[in-house]
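Asks: Listed here are the chains, written in short residue letters.
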Amino acid sequence: MRFILALCLNLLPSLCFAVQPGEMLADPKLETRAREISAELRCLVCQNQSIDDSDAGLARDLRLLVRERLRAGDDDHQVRDFLVQRYGDFILLKPPFKTGTFLLWLLPFGVLLAGAGALVAFARSRHIQTAPATGLSEAEQARLKALLETEGTKPSL
Amino acid sequence: MAAVKSHEEHAVIVETGHYALVLALALAIVQGLAPLVGAIRRDGELMAMAQPAAVMQFLLVAFSFGALTYSYVTSDFSVTNVFENSHSLKPLIYKISGVWGNHEGSMLLWVLILAAFGATVALFSRGMPDDLRALVLAVQSWIAAAFLLFVLLTSNPFARLDPAPIDGRDLNPLLQDPGLAIHPPLLYIGYVGFSITFSFALAALISGRIDAAWARYIRPWTLGAWVFLTLGIAMGSYWAYYTLGWGGFWFWDPVENASLLPWLAGTALLHSAAVMEKRDALKIWTIFLAILAFSLSLLGTFLVRSGVLTSVHSFASDPQRGIFILAILVFFIGGSLALFAFRASALKPGGIFAPVSREGALVLNNLLLTTSCATVFIGTLYPLALEAVTGEKISVGAPFFNLTFGPLFIPILLAMPIGQMLAWKRGDLLGAAQRLVLATALGVVGTLVLYALRGGDVVPAVLAGLAIYLTIGSFVEIAGRLSGAPSASAVLARALGLPRSAWGAAFAHAGVGLTLFGLAATGWGVERIVSVKPGEAVSAGPYEVVIMSIAPREGPNYNELVAHTQIREGGRVIAEIDPSRRSFTTRTMVRTEAGIVTLGLGQVYMNIADVRVDGAIDLRLYWKPYVALIWIGALVMALGGLLSMSDRRLRIGIAKRAAAHVQTAAAE
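If you're matching them up, the sequences are chains W and E in order. Taken in order, the first sequence gives residues 1 to 157; the numbers are from this note's numbering. Taken in order, the second sequence gives residues 1 to 668; the numbers are from this note's numbering.
Errors might be hidden in some of the hints.
Interface residues of chain W toward chain E, partial, derived using beta-carbon atoms under 10 Å [stated by the list, open to error]:
#	residue
1	Q49
2	S50
3	P96
4	L107
5	A116
6	A121
Rather than coming from a laboratory, the hints here were simulated on the basis of the structure. We treat Cβ as the ideally placed atom computed from N, Cα and C, and that holds for glycine.
Let's have the full structure, built from the sequences with the hints guiding it.
Replies: Here you go:
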């Protein structure tokens, strides 16, 4: 079922590597930031792979771009904004919270609340329906006892 | 002369395979109608048609599948499908697995498994009421008819080429892997296995009758489908892990999500069916989940097969297949939900229970599982919907799922051992918590120790602690039942006497704990991305890695560059790996082949790039502690499922049949 992924890679003329030694920044702190940012940016020609993981040539270009911006002194937000300006929200693996996407972020928790609410309502309605049936009155008890006694003497069909 | 003759023989087999598929379709239509009419009119003869028809349908599809496999094995390039996906030099195993390494063949495999399930129901259901069996097989046959029609009209694997090309285009090198031989069949058996529970649900809605026996009938099917789906997903993730070159195993890719959705719904179904079987409650909900699980399987097939994932526009540009599957999807999901809405009220609600009880815990399980299922569903389909409505393109990736699916799943993990400990009808929460004190304490201590030893981020240590609590907690209930036995042999006798389903639950839950531990441990991994010359040592966690030589090697349909590498611990060589880069000649494609060795539960994982002019080679090297637990956990989950399947009360039908055999034998 990974055919799609396979296809994605197949489209590329040659496989290069995800992050290569030559791409990495000398400053380990800056490099760590670069990796963290890359992990949340989508390789635009792949299926849900981040540029940090992807072998695609485009991903490599984007990795270099991220590092170039970091070296130029951008903070993480500025790097992301720069890329969003160029490629749109599509490049963010974590979609921003805005008009088009607020439902995406809120729906899962909405489903949970709705489900829990429905459960509580259902349990209450069942409780009310069934509550009177739980106990037997004294008269019923006596009748039950009598029935059980006669039952014991003859086999019921 | 001989060559001409064999060519004709090939042609006969291919054409007969195609014809068998047409016959199977005709038979499927009959099987979809006659037993249904029979069940409604209480006509025994019409109902009795279902069984032989289901078996015959399977034989026809199997013949057709065999014919396609034969074309692959004999490299008959007059068949377009073989030409496009095979090559005469390809190793035999990939000639066979290549049958389903493409759209047409994989749909044929889908239909084959569907027919196999129908035949299995027909053959192993003698204890079942006639009308229920007839209805189940009829519904099963509607699905078969729809997909046979799909294969014949839009995805014919038997299309021919004239004249036949000399050789084929070969299979995509990424798919020339043992993973292709195992992963799709496992996954499809899981996907399609839920068709049986779906058919049972529809049969119950049509007849308006549903009881605890119904829940017992569907249990082995649900468990079986769940076991295969679990194994299929795990296998796919391991395949991605060793193929894609950097050890990622889950990407929240829509294709993966498509397999996770029915798994989550199926897991919920297993649990709600257990409540229904024991306590006659949650009937309507169980029916709904049975419909949902297979609907999500169909949705997965649609997502993967229609091309809609690549882009909404690519779907629209080659609409035939996509529209067809969409029509199947709408017909079955819409139809079954309509039937559900129309008939569900006819089913009487069953037993009642206190909120704190085994049933209550399973309801909570169902709430959280279906919500996490909905979350994956929303995350997978939202971008498609948004693009279709506004044209805006967004990506929903791992960070989204970690933030939404994660928090929803953690309460499930916390509640799992507690739920096992509660009694039916009315449970004792405090008592359950008290019995879990040891497991909880070990989890907390585990977190602290691991955090102290490993340092770094706190999240992996906390998740690992949760995993310890879950794994140990899964067995507390069983330990409680065994404690107090006077001797070791008495403990063993009691252990063997416990219902297998209790063992099944314990193992399946513990498997989740093991997988979680493996996932948590990814946070302690070591990654080295360096450029080295042969003979230089690179450290990876507790080990030293040295490339001894870099040399070319020739395979059947590829050439490769192999870096022969030693793994050393304290100067001593403990393992050797051969990571390589393969160039496939026919498709001029390069694939990296990771060198992996399992040491304890962890793995050293290494990949190489091309040799540079100065003789150095770029490599990615990883030490992944406990990573094997991710898949071992999945195997343990599947083992739990199998244990549950072997439970005695699920074999009642078989026992009855055995008794009947004895009687007839005696009579003769």
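Asks: Each hint: holds or not?
Replies: Here is how each hint holds up against the structure:
1. Annotation: Q49(W) was flagged as interfacial toward chain E, and the flag holds, the nearest CB pair being 6 Å apart, inside 10 Å.
2. Hint status for S50(W) relative to chain E: holds, with the closest Cβ pair at about 7 Å, below 10 Å.
3. Checking P96(W) against chain E by beta carbon gives a least distance of about 8 Å; that is within 10 Å, so the hint holds.
4. Because the beta carbon of L107(W) sits about 5 Å from the nearest beta carbon in chain E, less than 10 Å, this interface hint is met.
5. For A116(W), the interface hint holds, the least distance from its beta-carbon to any beta-carbon of chain E being 6 Å, beneath 10 Å.
6. A least Cβ separation of about 13 Å between A121(W) and chain E goes past the 10 Å threshold, and the interface hint is therefore violated.
Going through the hint list in order, the structure does not satisfy hint 6, though it satisfies all others.
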